[in-house]
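Construct the entire structure; sequences and hints are all you get.
Mapping of the sequence shown onto mature numbering (1 follows the signal peptide of the UniProt record, and there is no 0): residues -19 to -1, 1 to 395, in sequence order.
Check the hints yourself; a few may be wrong.
[Stated by the list, open to error] With a straight-line Cα cutoff of 25 Å, these simulated BS3-like cross-link-like pairs (lysine-lysine) come out:
(1) K71 x K178
(2) K352 x K314
(3) K231 x K178
(4) K189 x K229
(5) K85 x K355
(6) K85 x K352
(7) K178 x K119
(8) K178 x K229
(9) K54 x K71
(10) K282 x K229
(11) K225 x K189
(12) K225 x K314
(13) K24 x K355
(14) K54 x K178
(15) K85 x K24
(16) K140 x K55
(17) K140 x K71
(18) K119 x K140
(19) K55 x K178
(20) K229 x K24
(21) K140 x K189
(22) K178 x K140
(23) K355 x K314
(24) K55 x K71
(25) K71 x K189
(26) K189 x K178
(27) K140 x K54
(28) K140 x K229
(29) K352 x K24
(30) K231 x K140
(31) K189 x K119
Worth flagging that the hints you see were computed from the coordinates, not collected in a lab.
Quick caveat, the model's predicted, so the values are computed rather than measured.
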Amino acid sequence: MKKLIAIIGASFFFASLFAGGIDNKTNLNSGYLRNPSRLTETKRPEAVLYNIAGTGFMEEGLHLGIGDQFIFKKYTNELKVSGKEYSDDKNIFFFPDLEIVYKKDNWAAFFGFGVFAGGGSLDYSDGNGAIAGLFVQKAATNPTLAAAFAGAAANHNLKVYSVTMGEILGASYMVNDIVSLSLAARFLHGNQNISLKAPALSAINGGKELAYDASGYGLGGIIGINVTPIENLYLGLQYQTITKLDYKYKSITGTLTPTILSAQEGDYFDNDLPAVLGLGAGYNVLDNLYVSLSFNYYFNKQADLENPLGRTSLDYDDSWEVGLGADYQFNEKLGFSAGLMYSNQGSKSDVNSAFSPVLDSIVMGCGVEYKVIKNLMLTGSFMYSNYFEKEYANSLDLNKDIFLTAISVTYRPL
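Okay, here's the thing in structure tokens:
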């Protein structure tokens, strides 16, 4: 029972569509789909999201980048007691990003906007395995309400929306031809709303809906350094500080909901975004071939994450990922990129999300860049995420599949 409660509690946190850590996003820009090894970026404005010190190595002038991702997903969870499989396949068509860099002499100033956690909606129109399992157990332990909980287990639907957007503002400085240093601030603002509807609970809940709406915000920092110790070799280091996020329950619907949450309207729960250390190395093997390696380490243990069902602490191990990629330029107009990344997540045997499972994965991406005119570049990219199914004894089997495509435009007006 405690294990199932922990899984459901984690579920109320994350509607993450594509996470490198527990909730940290890695697909911040369409460039990640083209080649997931991004941590030595020094040519494109997407450096704002992956290698802020790399902006110091960019060509002089104003660089603008804007993009959108289209995410096609299917999440499944199977309740072992009944053998019934529940799924969500709600696709996402708006996942934007924006990057602006202005480089002058040794200085560069930059701004970025993107989705840093969560990322969209989940719609379990035919129910969810964790919720069904909880109602089945409630029916077994509450004889007087057994019929109501059994009815809720058989007939309920669940909708989840969770997104944390943010803005980055900072500057970089070229100390010399070898070293660039950078510092930035990142402001995050998140929203969550969850709606569970079970007609069988109407009589004891004052209506069929159990729901809450919450929001929070926080400020963090990013420190970066980019080094070219020898010609054609680029080394990048970037550290994102932890961002403390206290979410406030703005509204709660349903008589039963405050008991489940152990909270009233106006109360708070912790949902920090962990610190991240990124290391990258890239080398121009040929004039038109660039190969890179990227590594991210997520300090999940530093973050305070509370279970909204009682606001008890959720415990995750640290996680990491490593990626390899290449960019090949056919000619002045056309380029092709490809890469892959393996992610080892920090989920434990008693904590995971039945709505948006945190699973180990291998992602494979590729994309094409085409220079329409001298200062205008169009990009199209595609990525497939292969997740490893997770089984929980006596409770749930969790799995998910994600396909992503993206388009973006890079423009240099100056």
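Status of each hint after checking the structure:
Proximity of K71 to K178 is assessed by CA-CA distance (about 18 Å); at most 25 Å being required, the pair is judged to hold. A threshold of 25 Å between alpha carbons decides the hint, and for K352 with K314 the separation of about 5 Å falls inside it, so the pair holds. This hinted pair checks out: K231 and K178 have alpha carbons roughly 19 Å apart, not beyond 25 Å. About 23 Å separates the Cα atoms of K189 and K229, which keeps this hinted pair within 25 Å; it holds.
About 20 Å separates the Cα atoms of K85 and K355, which keeps this hinted pair within 25 Å; it holds. Restraint check for K85 and K352: satisfied, since their Cα atoms lie roughly 23 Å apart, inside the 25 Å limit. Restraint check for K178 and K119: the C-alpha separation of about 17 Å stays at or below 25 Å, so the hint holds. With a CA separation close to 22 Å, the supplied pair K178 and K229 stays within the 25 Å bound.
Taking the CA atoms of K54 and K71, the gap is about 7 Å. The hint holds against a cut of 25 Å. For the proposed pair K282 and K229, the alpha carbon gap of about 22 Å is at most 25 Å, so the pair holds. Taking the CA atoms of K225 and K189, the gap is near 34 Å; set against the 25 Å cutoff, the hint is violated. For the hint pairing K225 with K314, the CA-to-CA distance comes to about 44 Å; that exceeds 25 Å, so the pair is violated.
For the hint linking K24 to K355, the alpha-carbon distance of about 15 Å falls within 25 Å, and the restraint holds. The suggested pairing of K54 with K178 holds, with an alpha-carbon distance near 23 Å, which does not exceed 25 Å. Between K85 and K24 the CA atoms are separated by roughly 15 Å; this keeps the pair inside 25 Å, and the hint holds. Taken as a hint, the K140 and K55 pair is honoured in the structure, with Cα atoms around 14 Å apart against an allowance of 25 Å.
The suggested pairing of K140 with K71 holds, with an alpha-carbon distance near 10 Å, which does not exceed 25 Å. Among the hinted pairs, K119 with K140 is consistent with the structure: their alpha-carbon atoms are about 21 Å apart, no more than 25 Å. As the CA atoms of K55 and K178 are separated by approximately 21 Å, the hinted pair is consistent with the 25 Å bound. As the CA atoms of K229 and K24 are separated by approximately 40 Å, the hinted pair breaks the 25 Å bound.
As the CA atoms of K140 and K189 are separated by approximately 14 Å, the hinted pair is consistent with the 25 Å bound. The straight-line distance between the Cα atoms of K178 and K140 is roughly 9 Å, inside the 25 Å bound, and the hint therefore holds. Annotation: proposed proximity of K355 to K314 holds, straight-line Cα distance about 9 Å (limit 25 Å). Note on K55 and K71: the hinted pairing holds, with a Cα-Cα distance of about 8 Å set against a maximum of 25 Å.
As the CA atoms of K71 and K189 are separated by approximately 23 Å, the hinted pair is consistent with the 25 Å bound. Distance restraint check for K189 and K178: the Cα-Cα separation of roughly 5 Å lies within the 25 Å cut-off, and the hinted pair is therefore satisfied. For the proposed pair K140 and K54, the alpha carbon gap of about 15 Å is at most 25 Å, so the pair holds. Pair hint K140 plus K229 holds up; C-alpha atoms about 19 Å apart against a cutoff of 25 Å.
Simply put, K352 and K24 have alpha-carbon atoms about 14 Å apart, close enough for the 25 Å limit, and the pair holds. Distance check on the hinted pair: K231 and K140 sit about 17 Å apart at the alpha-carbon level, within 25 Å; holds. For the given pair, K189 sits about 17 Å from K119 by alpha-carbon distance, which is consistent with the 25 Å threshold.
In terms of the numbered hints stated before, the structure departs from hints 11, 12 and 20, listed from lowest to highest.
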